[in-house]
Amino acid sequence: MLIFREPIEGIERPQMPADVVIVGGGPAGMACALRLSQLIDAHNAAHPESQLSKENIYVLEKAREIGQHCLSGALLDPRSMRELLPGFEAEAPLDAEVAKEAVYFLTKKSKFKLPITPPPLRDHGNYVISLNRFVKWLGGKVEETGITIFTGFAGSELLFEGDRVTGVRTDDKGVDKEGQQKSNFEPGYDLNAKVVILAEGPRGSLTKQLVSKFDLARDANPQTYGVGVKELWEVPSGRIAAGEVIYTMGWPLTAKEYGGAWIYGSKGEGGKDNIVSLGFVTGLDYADPRLDPQRVLQEFKQHPLVAKLLAGGKMIRYGAKSMPYGGWWAIPPVAGNGWMILGDSAGFLNSARLKGIHLAIKSGMLAAETAFDALKKDDSSAATLGEYQKKVESSWIKDELWKVRNMHQGFEHGFYAGMFHTGLQMITGGRGVRNRYPAKAGHEHMHKLAELPADGGAESHLLGPAKGDGKLTFDKLTDLYHSGTKHEEDQPSHLVIDDTNICNTRCVKEFGSPCQNFCPANVYEMVDDVSQPNGKRISLNPSNCVHCKTCDIADPYQIITWVPPEGGGGPNYDGM
Amino acid sequence: MPDTILVVVEQREGKLNRVSWETITAGQAIASATGWILEASVVGSGAAALAAEVAAKKVAKVYAVESPKLEPYTPDAFAFALKQLISAKQPKLVLMPHTYQVRDFVPKLATAMGRTVISDCIGFKYESGKLVFTRQMFQGKLAADVSFNSEAPWFATFQNGAFRGDKAEVGASAAPVETVTVDIADNVIRNKPQEVFKEAKQAVDLTQAEIIVSVGRGIKEQKNIEIARQLADALGADLAASRPICDNGWLPMDRQIGSSGQTVAPKLYLALGISGAIQHIVGMKGSRTIIAVNKDSEAPIFEIADYAIVGNLFDIVPPLIEEVKRAKVGS
Chain A
0 MLIFREPIEG IERPQMPADV VIVGGGPAGM ACALRLSQLI DAHNAAHPES QLSKENIYVL
60 EKAREIGQHC LSGALLDPRS MRELLPGFEA EAPLDAEVAK EAVYFLTKKS KFKLPITPPP
120 LRDHGNYVIS LNRFVKWLGG KVEETGITIF TGFAGSELLF EGDRVTGVRT DDKGVDKEGQ
180 QKSNFEPGYD LNAKVVILAE GPRGSLTKQL VSKFDLARDA NPQTYGVGVK ELWEVPSGRI
240 AAGEVIYTMG WPLTAKEYGG AWIYGSKGEG GKDNIVSLGF VTGLDYADPR LDPQRVLQEF
300 KQHPLVAKLL AGGKMIRYGA KSMPYGGWWA IPPVAGNGWM ILGDSAGFLN SARLKGIHLA
360 IKSGMLAAET AFDALKKDDS SAATLGEYQK KVESSWIKDE LWKVRNMHQG FEHGFYAGMF
420 HTGLQMITGG RGVRNRYPAK AGHEHMHKLA ELPADGGAES HLLGPAKGDG KLTFDKLTDL
480 YHSGTKHEED QPSHLVIDDT NICNTRCVKE FGSPCQNFCP ANVYEMVDDV SQPNGKRISL
540 NPSNCVHCKT CDIADPYQII TWVPPEGGGG PNYDGM
Chain B
0 MPDTILVVVE QREGKLNRVS WETITAGQAI ASATGWILEA SVVGSGAAAL AAEVAAKKVA
60 KVYAVESPKL EPYTPDAFAF ALKQLISAKQ PKLVLMPHTY QVRDFVPKLA TAMGRTVISD
120 CIGFKYESGK LVFTRQMFQG KLAADVSFNS EAPWFATFQN GAFRGDKAEV GASAAPVETV
180 TVDIADNVIR NKPQEVFKEA KQAVDLTQAE IIVSVGRGIK EQKNIEIARQ LADALGADLA
240 ASRPICDNGW LPMDRQIGSS GQTVAPKLYL ALGISGAIQH IVGMKGSRTI IAVNKDSEAP
300 IFEIADYAIV GNLFDIVPPL IEEVKRAKVG S
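Keeping their order, the protein sequence lines are chains A and B.
Counting in numbering that gives the first Met the number 0, the first sequence runs from 0 upward without gaps.
Counting in numbering that gives the first Met the number 0, the second sequence runs from 0 upward without gaps.
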């Protein structure tokens with residue numbers, strides 16, 4: 000019997016007043032906290048008579064340590080960081096400046112280099128970073144300001160009064176598998192905040208609550224996502240220079256799926272050029288429910304271009320994270336009565352450039368300016384916080400996203416149509432054939448098994464679990480081991496399935512239980528059970544979860560809700 | 000009447016809980032900061048003997064609260080007796096150690112008196128006539144200052160280790176001990192104490208096992224674990240399992256081997272129906288000899304096994320049990 004994590008009712012919770020609560024200590028949340036501190040410092044220096052305090056500004060971070068759940072490629076466009084901390088290059092952990100880039104179109108055995116690198120993928124001047132190390136550094140800066148970061152605490156619920164967000168409830172600790180309180184039970188705190196800032200990353204669980212409660216996405220395109228599956232490799236020195244960037248399109252995907260790979264050369268200990276970050280982003284709008292994004296990465300690595308690069312090397316870390324690439328039209332309102340939404344939670348990601356960190360940081364800075372005004376005026380109503388919305392729309396965030404507003408929608412009918420639309424959009428300032436291309440939610444593209452060739456057809460090499468040779472390619476459990484993920488085992492499942500009967504009776508027949516395939520962490524399993532009509536029953540391994548949110552996004556029935564597990568649990572993305 | 004502080008020391012079966020000295024130290028510190036008078040109390044039958052021990056410390060007075068109904072401990076009787084004492088003596092502040100027993104009765108006591116408790120404090124401050132207690136929030140990441148805005152008596156409990164018990168000051172002469180006899184009616188006590196809960200017996204320590212028989216998903220059903228148990232018994236081995244078995248509750252969690260369980264290195268490790276995911280392997284790869292039984296010839300367990308038996312464990316294990324038994328008889 001599966002017991003799911005749910006809010007515990009009828010208990011008294013410690014109440015704590017707060018000025019600002021930022022949910023999520025990634026680049027957006029940290030930049031927001033840092034900017035807010037800068038503004039308060041400047042204000043306090045200029046106005047000795049009306050001092051503002053930083054004491055009641057809090058950042059909630061579900062990871063045990065700052066940065067531990069941050070995963071990205073990653074390339075950093077330094078634009079926003081230069082605004083936040085001029086001269087940051089001198090002290091930030093930047094692995095290498097991009098010096099060389101190439102884009103390839105791959106077929107199974109060959110590669111075709113694009114004669115010119117398309118402008119969005121020109122990365123000179125950007126830096127190869129480990130987002131984990133970068134955020135750790137940024138978090139250290141935040142802690143120096145006196146703002147408190149509560150690591151190991153997740154935002155598990157929003158608090159409302161009427162149409163106003165009035166705070167955040169943190170996770171209940173010490174709840175056992177059956178949902179009963181253990182001897183170490185500690186109820187979550189109610190942080191009653193003037194301003195709540197959601198910086199949870201893609202598909203934020205509180206953002207989802209908020210958007211659904213107020214139907215905020217009613218005028219937006221449905222957000223569409225990809226899942227990036229990443230491995231970090233240590234290879235013999237000299238294979239790829241630190242700062243070399245390779246993007247690929249095509250194989251192993253067919254023209255029907257959206258996605259592509261990145262390969263970045265980076266530096267290891269002692270500054271040696273021996274670290275490779277590589278990953279494959281698969282659009283979560285593919286048709287065949289048997290497709291497995293972790294398998295896609297394994298197939299990709301067998302291409303001669305990649306296999307040669309990795310031969311004799313060692314995989315040192317693994318992880319996965321979803322990313323929103325619906326673009327400008329998929330962004331819901333980002334401010335309202337008591338709340339603001341930042342970064343990937345809002346959908347600030349440039350899908351043409353495959354970059355969002357700089358936008359996340361910028362959005363954090365803009366929200367900080369608005370939060371600062373709210374504290375000064377002691378008014379965090381929609382009228383005041385709505386300024387953030389206007390700031391975003393008059394900032395370079397919009398300039399950048401407006402030009403690519405129809406980019407991903409153009410690919411809804413495959414690669415060739417996508418290339419046509421992209422070309423057209425490039426010469427029409429992002430317009431293409433119309434100002435706003437519509438979109439369909441990714442899970443609606445999934446087909447039932449009966450509509451697909453039994454052998455998988457052209458996609459057969461992407462379907463089902465990867466076997467792995469243990470050297471170049473790995474099965475999912477082996478990869479997962481390298482994510483370092485760990486959770487308190489004795490707690491209710493934080494993957495909340497509305498109705499497991501759908502899994503056991505309908506999904507298994509209609510879609511063949513795609514959760515087993517799209518989850519890059521082996522959380523979902525169909526186990527034998529003779530008492531079920533189809534002989535299979537859903538079983539969960541929640542402690543395998545790497546917090547990528549793919550299940551919440553890709554499930555064709557939309558009955559899976561990802562909620563934060565007990566704070567402190569999750570992957571260990573050291574160096575990712 | 001001057002303000003007083005009453006420390007309730009904890010005893011169980013006639014023995015003082017040592018953490019009580021910490022609360023005495025805390026009481027002495029608050030008394031010296033505030034100028035209030037420190038008193039102590041021992042509750043329970045036979046309290047008089049312990050009260051004499053407490054009276055050696057620097058306190059103004061010790062109350063020995065006695066009633067035959069206080070033995071054995073029940074939260075009803077303790078709350079009732081303390082309410083009588085506190086109502087009679089009217090201390091301003093009541094201090095206790097934050098022990099399991101206090102956690103058991105203090106909510107009842109405070110509620111009965113219409114007061115609240117500041118629990119699990121780690122310190123106090125006395126600033127411009129205001130007594131403030133410090134308690135930890137967010138698992139120690141934040142210290143909150145909390146004070147009472149209600150009428151006395153105030154209740155506070157101190158965390159274990161917040162004060163040094165060995166720093167409790169000894170008095171110049173023994174403090175007077177006043178015996179307070181409380182009358183507890185029969186119908187007050189609704190609790191029926193059972194045997195005192197003992198710590199669960201030592202969790203299974205598989206790291207010391209010389210032979211381990213370990214089962215995995217290949218065992219199929221809970222009832223089949225019996226054949227693995229029979230093999231373990233025959234070999235004098237300990238029984239262990241991979242994660243799915245413990246997840247299903249077929250064997251207790253403390254028998255799980257692997258990255259989320261124990262790491263073992265026995266002389267012989269028999270893996271029955273275990274595929275050998277890396278999460279399991281890291282917990283047993285140091286075993287001197289590994290025998291693996293699995294029907295899938297490509298199971299990763301075979302990569303580290305010294306002896307690989309490809310086959311159905313239900314065909315292999317029963318004759319193996321017989322062979323082991325026979326060999327034992329022979330030896």
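Any given hint could turn out to be false.
From the structure, some residues in chain A lie toward chain B, with a derived Cβ separation under 10 angstroms [claimed, not checked]:
hint : residue
1    : Asp498
2    : Ser530
3    : Gly534
4    : Ser542
Keeping only pairs whose Cα atoms sit at most 30 angstroms apart, straight-line, the calculated DSS-like set for lysine-lysine is [to be verified]:
hint : chain 1 : residue 1 : chain 2 : residue 2
5    : A       : Lys172    : B       : Lys284
6    : A       : Lys313    : B       : Lys124
7    : A       : Lys266    : A       : Lys140
8    : A       : Lys176    : B       : Lys222
9    : A       : Lys176    : B       : Lys91
10   : A       : Lys110    : A       : Lys255
11   : B       : Lys284    : A       : Lys193
12   : B       : Lys191    : A       : Lys53
13   : B       : Lys91     : B       : Lys107
14   : A       : Lys193    : A       : Lys176
15   : A       : Lys193    : A       : Lys266
16   : B       : Lys129    : A       : Lys181
17   : A       : Lys397    : A       : Lys99
18   : A       : Lys53     : B       : Lys129
Keep in mind that the hints were calculated from the coordinates and are not lab data.
No residue lacks a Cβ here, since even glycine has one placed at the ideal position from N, Cα and C.
We went through each hint and held it up to the structure:
1. Asp498: 22 angstroms, violated
2. Ser530: 13 angstroms, violated
3. Gly534: 14 angstroms, violated
4. Ser542: Holds - the Cβ of Ser542 of chain A comes within 10 angstroms of chain B, reaching about 7 angstroms at its closest.
5. A:Lys172 to B:Lys284: Since the Cα atoms of Lys172 of chain A and Lys284 of chain B sit roughly 34 angstroms apart, the hinted pair is violated (cutoff 30 angstroms).
6. A:Lys313 to B:Lys124: 56 angstroms, violated
7. A:Lys266 to A:Lys140: With Cα atoms ~24 angstroms apart, Lys266 of chain A and Lys140 of chain A stay inside 30 angstroms; holds.
8. A:Lys176 to B:Lys222: 23 angstroms, holds
9. A:Lys176 to B:Lys91: Judged against 30 angstroms, a Cα distance of about 43 angstroms means the pair is violated.
10. A:Lys110 to A:Lys255: 19 angstroms, holds
11. B:Lys284 to A:Lys193: 54 angstroms, violated
12. B:Lys191 to A:Lys53: 52 angstroms, violated
13. B:Lys91 to B:Lys107: 19 angstroms, holds
14. A:Lys193 to A:Lys176: 35 angstroms, violated
15. A:Lys193 to A:Lys266: 43 angstroms, violated
16. B:Lys129 to A:Lys181: 36 angstroms, violated
17. A:Lys397 to A:Lys99: 28 angstroms, holds
18. A:Lys53 to B:Lys129: Holds, because 25 angstroms separates the two Cα atoms, which is no more than 30 angstroms.
Hints 1, 2, 3, 5, 6, 9, 11, 12, 14, 15 and 16 from the list above are not met by this structure, while the remaining hints are.
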